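Protein chains in written order, with the numbering used here: chain A, 405 to 514; chain B, 976 to 1095.
Since the hints were made in silico from the structure, they are not lab data.
Model, not experiment: these values are computed from the prediction.
Possibly wrong hints are sitting among the right ones.
If you anchor each label on the Cβ, the simulated ranges turn out as follows [said to hold, decoys possible]:
{"no.": "1", "chain 1": "A", "residue 1": "Arg435", "chain 2": "B", "residue 2": "Ser1038", "range": "18 to 28 Å"}
{"no.": "2", "chain 1": "B", "residue 1": "Ser1000", "chain 2": "A", "residue 2": "Lys448", "range": "19 to 29 Å"}
{"no.": "3", "chain 1": "B", "residue 1": "Gly991", "chain 2": "A", "residue 2": "Ser413", "range": "35 to 45 Å"}
{"no.": "4", "chain 1": "B", "residue 1": "Ser1032", "chain 2": "A", "residue 2": "Arg435", "range": "14 to 24 Å"}
{"no.": "5", "chain 1": "B", "residue 1": "Lys1040", "chain 2": "A", "residue 2": "Ser430", "range": "39 to 49 Å"}
No residue lacks a Cβ here, since even glycine has one placed at the ideal position from N, Cα and C.
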Amino acid sequence: QSALTQPASVSGSPGQSITISCTGTSNDVGRYNYVTWFQQHPGKAPRLMIYDVSDRWSGVSNRFSGSKSGNTASLTISGLQAEDEADYYCSSYTSNTTQVFGGGTKLTVL
Amino acid sequence: EVQLVESGGGFVQPGGSLRLSCAASGFTFTYYWVHWVRQVPGKGLVWVSRINSDGISTSYADSVKGRFTISRDNAKKTVYLQLNSLRVEDTAVYYCTRAQYSGPGGFDYWGQGTLVTVSS
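Let the sequences and hints guide you as you build the complete structure.
See the structure below:
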């Protein structure tokens, strides 16, 4: 199972919006609405942000939103804040009944 | 409070073995599937294995199939990952994580991770 494709890095200024893409195949992202997004700060465990493509996890700011079109899912963060600077990972359920992650995207808040 | 606590990591030579444990608390353990995910320091997350709620069904990434074995003891609220025939490329932080719901559920709670270092 090949990893999902994410951009290595994205950046934005405080207050701006950014979008991180996550491209899979018709056997994972394109087939199921089971895409999850995680935030990971250095030295910390991943934190669930978005599940089932677009549902926000408990306690997650409404500045975070998820969507999907075809084989590509997206995470949008609006009103960027310094604390949003972190690595972001997507994952998807697959037709092999396994899970697959994206390679991760480093978000820099300028 | 949901908690997952990993243990058992350490330093081992290539070809050696380790058993990782993931002790759960704060939720009805028998309801949930559990996964192991690993991360080479500075690199991305990689799914390793999962076990269903009664321990009957398991699945593995191709890179560990035949070398790693996942199991659980519901009475002890613990999931195990037996790592055999370890390779240098198995060096990583190993996280256990709870599946939000059975089957395709994503990961809602994570442990703090345990570091496995394979080196001669």
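These are the hints, each one checked on the structure:
Between A/Arg435 and B/Ser1038, the C-beta spacing of about 23 Å keeps the proposed range 18 to 28 Å intact. Between B/Ser1000 and A/Lys448 the beta carbons are some 20 Å apart, a value that agrees with the proposed interval 19 to 29 Å. Between B/Gly991 and A/Ser413 the C-beta distance comes to about 37 Å, which sits within the given range of 35 to 45 Å. A beta carbon spacing of about 20 Å between B/Ser1032 and A/Arg435 agrees with the range 14 to 24 Å that was offered as a hint.
At roughly 24 Å, the beta carbons of B/Lys1040 and A/Ser430 sit outside the given window of 39 to 49 Å.
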